[in-house]
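Just so you know, we're using UniProt numbering here: the sequence shown kicks off at 1 and counts up by one.
No wet-lab data here; the hints were simulated from the structure. Please note that a few of the clues may not be correct.
[Claimed, not checked] Pair by pair, the computed Cβ-Cβ distance ranges are:
1. A79 x A52: 34 to 44 Å
2. A157 x T13: 38 to 48 Å
3. D198 x E29: 30 to 40 Å
Ideal Cβ positions, reconstructed from N, Cα and C, are used throughout, including at glycine.
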Amino acid sequence: MSEVEGDVCDRATQIVAAAYDLLDEAGLEGLTIRAVLLRTGLARRAFYDCFAGKDDLVLAVFAHTLRLAATLFAEQVDALPDPMARLRHIVTAIVLGRGMADQAPSEQGQRRGAALSREHLRLAEARPAALQKAVSPLIDLIARQMSDGMAAGQVRAAAAPWMAMLVYNLVSTTVHTELLAEEGARPDLQRRTVLAGDIWEFCWRAIKA
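Construct the entire structure; sequences and hints are all you get.
Below is the structure:
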């Protein structure tokens, strides 16, 4: 990587971090290019060296968030005894919003989650290929558990990536609905825990051998 490429990469990381904070503080309404520039102290040209526009920035936030979540979940499930125990942990963690190492559900997290839920639904229509690439680390992690489950005779034979996509779509769509319904309020952890169990039971009945 050249020095110029390294500088652009550093600026992109700085911009994504600022966008993440702005979503926490003010939701989607607070995430503007002007606000990002004020937060980072960067010039407008520096932003456009990294991103074509706001959609690309939001996609980068998705990619960053889900890459971290996939890495964290992979570490958490590494010692679990079988593929379905690992998959259950991943599904439950997504529903409970535990995709960051130091993250507990909060009003700020709800604000960011609701904002990203709206954008996820919009970008699924406007930029489907780009969104698919952004969420791929988490889907790939789920697919690995599916493949291992098939090898262990726990999961019915099918295309693991397709099965992983179906599970991800079910979980993410349900979580998006919950986040939008809870926007502006503290998360109901008891309700979310029950929901996580219900979603897992639904997924398990759909995929088991």
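Hints and how they fare:
| no. | hint | in the structure |
| --- | --- | --- |
| 1 | A79 x A52: 34 to 44 Å | holds, 42 Å |
| 2 | A157 x T13: 38 to 48 Å | holds, 41 Å |
| 3 | D198 x E29: 30 to 40 Å | holds, 32 Å |
Of the hints listed earlier, there is not a single one the structure fails to meet.
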